[in-house]
Amino acid sequence: MTALTKGLHTVDAGLLIGGFDDPVQQSQQLFRQLLTVTSEPGRIETVTATSQQPDGLNVASWALALSLFDADCTVWLSPSLAAQPSLISNLMFHCQTRLVEHADEADFAFCNAAELNSLQGFSFGSAEYPATSTSLIVQVPGLSGEPCWTLSGPGIETTRSVRVCGLSEPLQAELIDSRHRFPSGIDCFFSCADQLMALPRSTQITITEKEA
Amino acid sequence: MSQADGYNFAYLDEQTKRMIRRAILKAVAIPGYQVPFGGREMPLPHGWGTGGMQVTASVIGTDDRLKVIDQGADDTTNAISIRRFFARTAGVETTEKTADATLIQTRHRIPERPLKNGQILIYQVPVPEPLRFIEPRDSETRKMHALREYGAMQVKLYEDVARFGHIATSYDYPVMVNGRYMMCPSPIPKFDNPKMDRMPALQLFGAGFEKRIYAVPPYTEVKSLDFDDHPFEVQQWEGSCEICGSDHSFLDEVITDDAGSKMFVCSDTDYCRERLAEQSAATTEEVAL
Amino acid sequence: MYVAVKGGERAIDNAHALLAERRRGDRKVTELSVAQIQNQLPLAVDRVMTEGSVYDPELAALALKQASGDAVEAIFLLRAYRTTLPRFGYSEPLDTEAMQIERRISGTFKDLPGGQTLGATYDYTHRLLDFKLLAEGEQPTELETDDRPLEPCPRVLELLNKEGLIEPSPKADARPRDITREPVDYPAERAVRLQNLVRGDEGFLLSLSYASMRGYGDSHPFAGEIRSGRVAVELVPEELGFPIVVADIALTECEMVNQFHGSKTEPAQFTRGYGVSFGYNERKAMTVALMERALRAEELGEAVNYPTQDQEFVLSHTDCVSANGFVSHLKLPHYVDFQSELEMIRRLRRETAERDGQTEEAEV
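Chains as they are written, first to last, in this note's numbering: chain A, 1 to 212; chain Z, 1 to 289; chain P, 1 to 364.
Keep in mind that the hints were calculated from the coordinates and are not lab data.
On a predicted model such as this, the values are computed, not experimentally measured, just so you know.
Hints should not be assumed to be uniformly reliable.
To be verified - Derived DMTMM-like pairs: lysine to aspartate or glutamate, alpha-carbon spacing no greater than 20 Å straight-line:
1. P:Lys171 with P:Asp56
2. Z:Lys195 with A:Glu157
3. Z:Lys195 with Z:Glu233
4. Z:Lys143 with P:Asp185
5. Z:Lys143 with P:Glu312
6. Z:Lys143 with P:Asp95
7. Z:Lys97 with P:Asp310
8. Z:Lys195 with P:Asp337
9. Z:Lys116 with A:Glu105
10. Z:Lys195 with Z:Asp247
11. P:Lys331 with P:Glu9
12. Z:Lys116 with A:Glu157
13. Z:Lys262 with P:Asp337
What the hints assert, rightly or not - Quick list of simulated restraints, FRET-style, between CB atoms:
14. P:Leu85 with A:Ile17: 44 to 52 Å
15. A:Ile44 with P:Phe313: 43 to 51 Å
16. P:Arg10 with Z:Gly239: 50 to 58 Å
17. P:Ala191 with Z:Gly239: 28 to 36 Å
18. Z:Ser240 with P:Glu351: 18 to 26 Å
19. Z:Gly239 with P:Ser207: 44 to 52 Å
20. A:Val24 with Z:Asp258: 27 to 35 Å
21. A:Ile44 with P:Phe88: 37 to 45 Å
22. A:Ile44 with Z:Glu285: 56 to 64 Å
23. A:Glu157 with P:Pro86: 54 to 62 Å
24. P:Arg87 with A:Ile17: 43 to 51 Å
Backbone N, C-alpha and C fix where the C-beta goes; we use that ideal spot for every residue, glycine too.
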């Protein structure tokens, strides 16, 4: 087994899995789904992507990484994900991405919902440079159209109901509160198995039902 | 599929597309904010649609049907040139029918036929900064946007009212997006501004040489600036289209002789064609009866 | 009945055919080869490479041929090609001190270590048309060669630096931003300004630097040193860990010495302006150095009074491809916007006329 040293992390060739079969077309298709969910917050898309994923990532998260990441962007992993050598090797091999230690340096951050208690530590961008914020990809145990949150704002004709499972109450409160900081803010993608949903900073959230 | 040899699908390399795609997602998340991006040199001159083309190249896929219009028309040389470019480099299907298109790249017009959810309208933008002719410095306009300090624009428009009795801006008429960002709608006639408001389609804007991308998600409020005593109004024509008889579309003026005779025709060629087809179908039906 | 102008597709094809015909010119005259352009119009090639940001004399010559000799069009062709090239890595900073000097002059010292080398220059030619060149025969040149080994040529400005008479070279940023991949943000750091200037239109920068020396800018420069010659380009491949030479390129570098600055607490020192260009484009290297210095006004605490010192004004407008694109886009149809303006101006005039009519009536 060979290990190529690359910065702080290493690529372990034995842990590598395949990426997209057709990177050009599949990246485009996945991007279009990302564009759809971002422009219509709360809408859930099912991705068809790879047969295998690195340990720790679900299908949708891995497809997002393959589609969007490269050497020009920085990525932060929540502690349990950072402890997955397969994930690190595959991210570095397939995406040449730069992994960072500090969340506020990251363009993208992968988190498991259970590990995400606060948005603090991520970059919100600034009023002059709102696009320099961190985009979160949160892996959640469930996503559905059942009422729990009522969303409104750009991309939503009237309102849209959605249930994002596994987010702690303080985090939900912080997400709602962070809307006041617009245009600074954090855009979230929620992924569950092969499902994907987005919650950009422009979306207003009202809690209609507490999660059981 | 007839992709140009030696070039990637839709011309741009994948790394560039990813960079643009990341910028587009940010733009959609912050409606009306101009996201700086590493605009690439395109094989067309700046100001000829390179921004729109970079956005189209990053969005387009094999399942798309692309429509390209310039001045509302599918058959202007620049529209043809851009449509050919993508037919050649991406091998995608092209169409002139607004209703059939999944992607529409446009310069200076919004089609007359209302767009549907799921369609994407991509605007070519020469100067993306609505405040540019008030403040030429980017470092200053950036601050004005950050502080939502748009008084200078109101003053400029009001100076028109004082001098002419109207707001004299007739195209590239500034709008407010979702009540937060002032935005250039690109040089469309103000006639088209109301179509942007709560449009079911996604609107993406690409400014190539100014290196900015911005967006308006579907169903987003887009309000043209005005004053209580001088509400926003659109152009009106006394006549109607000489070809299809439309009295509600944007009309181009055509000079027909040396004596200055003129006529008016629809600027949206597909809309005009469609109306004409409907009329001839109706006539045929009458005859059949 | 009016018929909308159609047939754009055929018009475009025909325009391209006509263009090819005009480019070729009279077929009784032998076609110009790319090799001839590359070898016999080297200064045109150098300009295209410098502003095109690709060091490839053959492709630059091809671009010139394709563009019928129009430098701006040729630069555009090369730029558009450049965008599609994959990036393998970043070279080490060029060591121009180790340049194989072909020309080296200093306007500040009569003699200096390494000496002055005049090299190939138009400087002292009397600008008289050489009608012998019309005769098309080869003119043998008698070249006096000097086989003495070159003495080391330390940089002139470093000689001043040893005495502390000139500010130290401004410190380089760790990882210079790449303006071809990231948008420029103002105020821009020095590496960004320099990249922009080197890619900038030669004519625009020449005129601006001229203006800065004529009072529109507080510029009093001396040509400290201009050197031309060949330099090795080195790259450190990640797997090797040591530099290897990947290319040998011709380069011209100019270092300007500018008016001193200082204060009651800081001793007076000269300041610097740096310029570089591919090939033997000395004019370009000099204008870059002049404008580089002019744009340092703010950082050196000088009053920014003129456009030549205003980085957002200068840097936003240097690029010939952008400038040409935007000016030439006026050739595209604008009839929708123009129609909007027509409608507006007619309405305003109608209203004025009505108002005047009313006033007249009132007066009657």
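How the hints compare with the structure:
no.	hint	verdict
1	P:Lys171 with P:Asp56	30 Å, violated
2	Z:Lys195 with A:Glu157	15 Å, holds
3	Z:Lys195 with Z:Glu233	13 Å, holds
4	Z:Lys143 with P:Asp185	13 Å, holds
5	Z:Lys143 with P:Glu312	15 Å, holds
6	Z:Lys143 with P:Asp95	41 Å, violated
7	Z:Lys97 with P:Asp310	48 Å, violated
8	Z:Lys195 with P:Asp337	17 Å, holds
9	Z:Lys116 with A:Glu105	39 Å, violated
10	Z:Lys195 with Z:Asp247	17 Å, holds
11	P:Lys331 with P:Glu9	17 Å, holds
12	Z:Lys116 with A:Glu157	12 Å, holds
13	Z:Lys262 with P:Asp337	18 Å, holds
14	P:Leu85 with A:Ile17: 44 to 52 Å	30 Å, violated
15	A:Ile44 with P:Phe313: 43 to 51 Å	49 Å, holds
16	P:Arg10 with Z:Gly239: 50 to 58 Å	32 Å, violated
17	P:Ala191 with Z:Gly239: 28 to 36 Å	59 Å, violated
18	Z:Ser240 with P:Glu351: 18 to 26 Å	23 Å, holds
19	Z:Gly239 with P:Ser207: 44 to 52 Å	50 Å, holds
20	A:Val24 with Z:Asp258: 27 to 35 Å	55 Å, violated
21	A:Ile44 with P:Phe88: 37 to 45 Å	41 Å, holds
22	A:Ile44 with Z:Glu285: 56 to 64 Å	45 Å, violated
23	A:Glu157 with P:Pro86: 54 to 62 Å	43 Å, violated
24	P:Arg87 with A:Ile17: 43 to 51 Å	27 Å, violated
Violated hints for the displayed structure, listed by number in ascending order: 1, 6, 7, 9, 14, 16, 17, 20, 22, 23, 24.
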